[in-house]
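Chemist: Chain by chain, the residues run as shown.
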Amino acid sequence: MFYIHQSSCISHQPTFNEVDLEDLKPIENNLVHAIEPKYENVPLGQLRRMGRALRMGVGTCMKLLGTNKVDGLLIGTANGGIEDSIMFLNQIHDYEEGRLTPTAFVQSTYNAIAGMVGMITVNHGYNATHVHRGHAFENVALDAAMLLKENPDNCYLIGGVDEISVKNHRLVSLAGWYRHDNVSNADLYKGIAPGTLPGEGSAMFIVNNKSDNAKAKLTSLRMVNSFDENVVKEQLNLFLKDNPGKIDLFLQGENGDNRLLKYYTACEGLMTNETTAARFKHAFGEFQTVSALAVWLANYVLQNQKLPEHFIKKNSTTEFKRILIYNNYQGAQHSFMLVERVK
Amino acid sequence: MSKIVVTGIGIISPIGNSVAENRAALQAGKSGLTSLELFATRYATLLKFGEIKITNEDFKQQLGVTTKGVTRTTLLALYAFVQAIEDRGFTNEELQSSDTALINGNTIGGMSESENLYLDANKNEVGSEYISSYNLGTVNMYIQQRYKIGGVVNTFNTACSSSANAIAYGARLIKNGFAKRAIVGGTDSLAKFTINGFNSLGILSSSLCKPFDAERSGLNLGEGAAFLVLEKEEDAKGKKIYAEVSGWANTNDAFHPSSLSDNGDGPYLAMKEALEIAKLKPEKIGFVNAHGTATENNDEKESVAMKRLFEKVPAFASTKSNTGHTLGAAGAIEAVFCILNLMHQEVYANLRFEKTIETTGLTPVTEYTKMNLEHVMSNSFGFGGNCSSLIFSKV
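These protein sequences, in sequence, are chains A and B. Using the working numbering, the letters of the first sequence correspond one by one to residues -17 to 325. Using the working numbering, the letters of the second sequence correspond one by one to residues 572 to 966.
A couple of the hints might just be wrong.
Residues of chain B clear of chain A, computed beta-carbon distances all greater than 10 Å [claimed, not checked]:
1) Thr605
2) Asp824
3) Glu854
4) Glu882
5) Lys941
Straight-line C-alpha distance at most 30 Å; calculated DSSO-like pairs for lysine-lysine [said to hold, decoys possible]:
6) B:Lys811 x B:Lys574
7) A:Lys215 x B:Lys746
8) B:Lys751 x A:Lys192
9) B:Lys751 x A:Lys131
10) A:Lys131 x B:Lys965
11) B:Lys574 x B:Lys965
Hints were generated in silico from the structure; no laboratory data involved. Ideal Cβ placement from N, Cα and C applies to all residues, glycine included.
Looking at chain A on its own, in the form it has when it is part of the complex:
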């Protein structure tokens, strides 16, 4: 599909400047909050007015755009600046639809991140925001793959970002998707309760068709919509048949929610003894576009040929050439992505 050249990532772990995944950073109050860096490449006047998702998204993009010129921007986000949306809604309510200032309204639109980066870097090219929840980043990747078939010499910035803020945390929590008892992220997979730990973050990539100096290749991608674990398993089987060869690492989105375990068990069951199994949501938390961070992690593993112990579920291979990512969001939206080492 395409080659990944550079990446940047904001998460709860130190991933933005000096990457250090060796020791898992513990969490407080059941929140896998992103550690926001100093945003050196973002104009200060603009930064001040930005909400969290906008800051993280623009910050990760600008880190890559300092040195790269791209032909378009593709961002996946399920919620955009949802805190600003609800802030504006609260103003509507509190001031009984009186005269309001538009900042929160304009900044909360889902496409504000791609729009803002386009504006700051004066990029007139393709500019897309995909928002289909657990398939937002996957559609970004598919869109980029199509653009690179249509325009083989082009180069795009792609990624995924979502925030966890007070209001959307409340909404997802009321819907029953978060743990209410105190859980440490190191113990996320030990519980047998419904619910998980909320997370947030942003991962961006520079992608094109050039293998020279590429860090990794996204070879194949499939999305599945079904609540039936047998359908998911069958689709993974087809995916593996279409992409034959040894899987060195099965990077799966298990999140400690016992209602979703059946999907991961079914898919892991298709792996052989030669495959190492690993998990990532204790490090990044659960959110709709976390699969972008999984691709970032796969990229890291291929580059460094190691994965710290706390990620590992079942150890086998020590050389990593082909990594299969399986993620699912709330049991409804599933995706398989194959990320490979570039020779």
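Using the hints, position chain B against chain A.
Modeler: Leaving out everything else, chain B in the frame of chain A:
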């Protein structure tokens, strides 16, 4: 390369609940802009809106929606979706096939339930029935689950050009072999969030909007939905073919979060690149369904961009004078109108136009006119600098 053609259409807008009703209203120069009757807001009688006079309860009954948490945005989409798939004639097997894609664009999602969102986000101890319905994915999550759509499912958001991009994405999925057929469209419902948002920017008009008029005073918000079924011409043998989707483009104006640049760079590039995809020279475009929101900024900059691109600006008009600005649905609704232009070789009046904008000197179509049309362009521009153009061609 095989042509991508339209084999099914469905629409609900402030001027009609079917393709036929919409065409009749356009021919008659009817506007669907009124005070609000069904929707409670401080601005109900202060501003004009394109409101669909069907309650959520009536929609649910008509559409057989018994699931909790389905908001108006989804109901409008479902209404148009059902028309489109019935028009094209789908078997369940086809809908569930892994090569049938479903792509939607919208900007409000379930935030149309603003009172419930306010309570859920701030007060409720137990979530309302809409607790998982607020973000934009909600529309296609529901439609996918109801019809078990088997292929790629996506929701696009580029503000007011969302559904234009949903259409382009569907066409590209087919071109690139990721789908055999795509059901593509957009939806939005009136919401306190957008009414107050656009009002805070001072661009809503208290009178009926006058696109491209020198004395235009802002836009009227509307609601609606439309879906198109796209497939390759060779796969559509024996089916009714409405038009070809021949060009598309998505660019960015890269100037300001909520207004267009003086030279209309984004709009100019969108129109130019769509022509390149369609392999057409500008003079081949017979009519432009303009974005034409009737704001001070848009209509002037869109005119500037058209003048830059076209040696002689073709006939153009804004159907937002009929429907109001339906935001995320506008690209899809206006795509249906372009298809009607081509099918019936006719263009519809830009209502209430009186006086040409002095700096641009452009006059839109002011009455119903029969016209020979081979290629029609549709423009959709949005916040965040997002600009899109689509081209439809006669088959």
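Chemist: What hint numbers does the structure not satisfy?
Modeler: 2
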